[in-house]
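Mind docking these for me? Both chains are given alone in their own frames, and the hints should help you get the complex.
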Amino acid sequence: MKKLLSIFAVAAFAFSANAGTLDDVKNRGFLKCGVTTGLAGFAAPDDSGEWAGLDADMCRAVAVAVFGDRSKVEFITTTGKSRFPTLASGEVDMLARNTTWTISRDVNLGFEFVGVNFYDGQGFMVPSALGVSSATELDGATVCIQTGTTTELNLADFFRLNGISYEALPIETNDEGKENLFAGRCDVYTTDASGLSSTRAAASNPDKWKVLPEIISKEPLGPLVRHGDHQWGDVVRWSLNAMIIAEELGVTSENVDAQMSSNVPEVLRLLGVEGNYGEMLELSNDWAYQIIKQIGNYSESYEANVGPDTPLEIARGLNALWTQGGILYAPPFR
Amino acid sequence: MRSNLGFFSDEKFRSIFFQTLVVGLFALGLFFVISTTSYNLEKRNIATGWSFLQNPAGFDISFSPFLEFKSTDTHLKVYFVGVLNTLLVSVTGCIAATILGFILGIVRLSSNWLLSRLVYIYVEFSRNVPLLLQIILWYSILIQLPRVKQSLQVLDVFYISNRGLYSPRPIFESGFSYVLIAIVLALISSFLINRWAKKRQDKTGQQFPVFSSSIGLIFIVPLILFFILGSPMSFEHPEMKGFNFKGGLVIRPEFIAMFLALSIYTAAFISEIVRAGIMSVSKGQREASAAIGLKQTWIMRLIIIPQALRVIVPPLTSQYLNLTKNSSLGIAVGYADLVHGFGGISLNQTGQAIECMAIVMATYLSISLTISFFMNIYNRSIQFKEK
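Taken in order, these protein sequences are the chains called A and B. 334 is the number that this note's numbering gives the last residue of the first sequence; the numbers go up by one with no jumps. 721 is the number that this note's numbering gives the last residue of the second sequence; the numbers go up by one with no jumps.
Only chain B is shown next, with the shape it has when bound in the complex (with noise of 0.2 Å):
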């Protein structure tokens, strides 16, 4: 009996035999999906390949801020269109959920209760209350603007109604690129004089005004530059010619019902992320730095915050990832995101749900792993270095 399971109780053996036994039936399953899929689609006729990519698209996309689009483009372009239109929304949604997420985090621990349960309030209803709902919320509050021609006029120059936010749209002229330039000098500069300040500080305990002479730098310079090269800029302003404003830059409800929602409902989960980061530093540590005569300021930023980012980062990152895929979304209110024009309306308009859909996923699946990416390179960098 025991010769004939010899070679089971071979660890080594035993080990190479369940990894291909699991490795082959995963191939095996692969297999059968695939041939399934191609054999039920030639048996329904429907017809598969890339070539539709190329073919004009014949549909309108009104919302498409970088990207000029026309029906006669393709439905390669639709992609694009897409792309940029998720991006847009996760970059801006993952920047104001993260200002909003530390500011109520650290709120949430003030001694104040009143604000701390306001905060405590606020995390509850958004985290709990599911995201699409939040998502039409928004879109149906901002539905109820006035219409376009009662516009509501702010400061002379802005336009509200449930069109969007109207604003004027800058112009450059001929001469703004030096403004540019200098803009772009100052912050090098800038960081320069932020690695030599902190050097010298190192070596001599001087300290040098790096946050005034920065903001200097970056603001005042290309400011005085701005009107000594006489104002090379101007505004277009909207206009109402027939139907809607012409002209202007404009800010659809259907984006800002999604930036809302996205950061307000992501920035609970984050809030919490940073309280947990802030409690995981010990009392002592605070207390210690207090007792050698740190301002409350200075123990925050140079004591507390860098050890909380090490607990923060990880769970920051996921966050990202679930804001950029939640955009998808955006369906909901007519967001043209990726799902909603390629994965949707490209999808329907040509019947090629399986390429279109796989195109979708391996979009995502590409953003996820680049925002992974840099933000596993950010937490590496703020790590405790042992020396």
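With the rest of the complex left out, here is chain A (with noise of 0.2 Å):
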């Protein structure tokens, strides 16, 4: 019996194909990437039909990482619901969607996060009409939120918390949301700032909707991975890494050629100039060198997708690196 059950598991080991996704990534020539089903600024669709935003770019920058070449990526939408399924049967290699780091994500669901790219917290949107101007004065409305996130359990918390009533009208997706709050189905919607700031974005009269000053929760959102692959989590967590390092170094895509002859050590580190950082990740030398070329720093990739000069006009805030009053935070290359 013993013996039996052994031969199954090894049968089943063979089935299970994530034995090392970094192998598994580069025998099948494209990265496949879990996103959301469209949010301005994190991963939408753009003008020309290219995915854009600060997740997309998260996922070329692993694709560059290991190909040298932002289009090796697929990218495939999930919902709120869907995406740690997706993640967890193998149908994706990582997930680079707006999704907040929490103790049972990580530890219960079988993940690793690999850092944050966008230090968000849930906050609540209105039509201005309303005449809210504070949250706390939301007692009995009926509030639009989507099912299966952390969100939806913050929000209990907070009306519970301030001893106030709400009705929850589940939704599915951001589009969701957006209809049955412009048609007056709900009163709020409450998601993360940022989704927030999008969805007003992409209202056909933005004036008419006021996101409320409060913010109720903390919600650090990262790309992950599927725990106990190391090696992969590691290609995923120094793409991240490195853009964010180049942002603190002043390595641009424009200036990066010009950085190669730098005099400072850390950017010829992590330009791959000297060293070899590349071979320990299992990646070409120049796999930082590249991100910075093709998708560009932190700071870049922030200020294209929702920073000030975007629709979504999100300042830098939080995000800003830790030398600058936020709290964005690289290890040391080295």
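Simulated from the structure, these hints should not be mistaken for lab results. Every residue, glycine too, gets a C-beta built ideally from N, C-alpha and C. Treat the hints with care, since some could be wrong.
[What the hints assert, rightly or not] Under the rule of at most 30 Å between Cα atoms (straight-line distance), these lysine-lysine pairs were calculated in the DSS-like manner:
hint	chain 1	residue 1	chain 2	residue 2
1	A	LYS218	B	LYS404
2	B	LYS617	A	LYS178
3	B	LYS346	A	LYS178
[Said to hold, decoys possible] Far from chain B, by Cβ distances over 12 Å, these chain A residues were calculated:
hint	residue
4	ALA141
5	GLU167
6	ARG185
7	PRO213
[As the list claims (entries may be wrong)] What the simulated footprint calls covered on chain B by chain A, stretch by stretch (three residues with Cβ under 8 Å from a Cβ of chain A suffice, anywhere in the stretch; the number is not a length):
hint	region
8	576-585
9	670-680
10	692-700
Next comes the structure, spelled out in structure tokens:
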């Protein structure tokens, strides 16, 4: 019996194709990256049908690290509910999908969050005409809420804590929330503040909508991979860190070629001129150079997708570097 | 050569051999699926077990007409809320689909060309458009109703908006229980009167006005009692307070969309089943009963329908099963049924996908088997009894 069981275990092992995700990705020739069904600024098709956004850039950065080519990525859309089964089953190699890092997801669901690419918090958006100026005035309101999210749980906590009542209208996607809010089926839409800015920017008349000042939770959003494949986790983690470190060192997509002859040792290590950090990750030695060249550093990605000059108009705030009043901080590159 | 095949030419041996083979392969397949699953779960560090059912859910469910639900309640309670909501839309949907289906099936056979064509168009449209689209269509229409602040007021007490239909809620005061008891007694006695009248008619041929006397017993007697007791019932009217109506009874658009779509879709199938059932009764039966001087309505009630029911009931059962299973599409419009609440939100918040899905599947299986069980009893009772 024991022998039979081990035969089955071996057979099962052969069937579960996640022995080494990095090798799988290399053999397949492209990266499968799970993103949202469309959230402007984070991951949504742009005018030319190309996926664009902060999360889309995260996927592209990993593709560049592995293949040196930003186009070697297939974007797979997932809802708040389907994202975890999709990752767990191996349908995608990683998720970059506004996903909040929590203990239960990290530990119980069997995933590994490799970092934070956006520090967010949950907010509320109401029609300006509703005449509400604070979330504590929302007693009795109907609230649109995406199911299966941390925001759903924060919402229940917030109203319970403040001793006020609400009616939850469960929705599946951001688009559904938008539709129900605009039709007046719900009074309030609550999700991450960045998501609200994105939704508001997509409205035909953004001034008709107001984001309330309360931020009721911590929502560190970041890419995640399956737990246990540390080599792959390292590749994704350091793709993100490389972008942050590049901003810290002032390396941009414009000046990266000039920086190859920099006299700052960490810049030379980052760009692969000195040391063999690429080899340690089983990547080519210029992986970080390619990320910066093809995608840009964190600041460039931020400003292009969600920053003050975009329709989302989100100031850097918490997402500024630690040296500039924010909490964005990457471990040293050495 | 022949001696080698000796065993195989034995029919008994052959049948045992193949049956054992099939059972063995099935068991092997099952074992493989289970061992692979548990191996992969363990490998991916996914916790398994049933203890999550006792953990607080942490989220709210607003649509729970039978149980009060708070975010501190457990996932087990989420399950019960879901089962009740699934049963609510299934039972009301089955009743409405049956009534509508019977009417349409009979109208379809009417000699009025226009009526019959209209039903034909209805049937072909609603059974050939996917149910999911119909649910979404109804919901999109309901969402376009006026906003809650501009609710339509009907008869001064009903309010219609895209948040639902608000009506006064009856509040029963002490003394109302006597009225309820009167209704129950009236139901029992009309049942007994019916039996007695049937027996008497079989014996003597005399008829008794069962229908009108039952109506009198069930409606008039409790009503008189109600006024004698000083109308022990009042109404709580919905009132606009802040963002929403407070108080009163509310029917949500999510429920209405599900109810309409399920009953209209299934009624189309039922009407075809009813039509087939009626047409299966030979024309001679109708002519013979007309020849002995029975009224048209009696021919239908006493001759055609009882024979048609034998053809109607078995496929009707599977329509009930379909409707119940189709109610799981409620997720498309956020109707808080079993799949949406427990099989969706709880599953996702706890990550216990296999456990949640197993429970949901077992529940649908039990509901379906229960429906089949009772419909089979009913089917046996209406079958032709050979003497």
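Evaluation of the provided hints:
Between A:LYS218 and B:LYS404 the alpha-carbon distance is near 23 Å, which keeps this suggested pair within the 30 Å criterion. The suggested pairing of B:LYS617 with A:LYS178 is violated, with an alpha-carbon distance near 59 Å, which exceeds 30 Å. Of the supplied pair hints, the one linking B:LYS346 and A:LYS178 is violated, its CA atoms being roughly 68 Å apart against a limit of 30 Å. Residue placement check: A:ALA141 does not keep its beta carbon more than 12 Å from all beta carbons of chain B (closest about 4 Å).
Annotated as non-interface, A:GLU167 brings its C-beta within 12 Å of a C-beta of chain B; the closest such distance is 4 Å. Its beta-carbon lying about 5 Å from the closest one in chain B, A:ARG185 breaks the requirement of being farther than 12 Å from that chain. With 12 Å as the threshold on Cβ separation, the claim that A:PRO213 sits away from chain B holds: the shortest Cβ distance comes to roughly 19 Å. Counting residues of the region 576-585 of chain B whose beta carbon lies closer than 8 Å to any beta carbon of chain A gives 4, which meets the minimum of three for the stated coverage.
For the region 670-680 of chain B, the stated coverage by chain A is satisfied: 4 residues place a CB nearer than 8 Å to a CB of that chain, which reaches the threshold of 3. Residue count for the region 692-700 of chain B with a Cβ under 8 Å from a Cβ of chain A: 0. That is fewer than the three needed, and the coverage hint is violated.
Of the numbered hints stated above, those contradicted by the structure are hints 2, 3, 4, 5, 6, 10, listed in ascending order.
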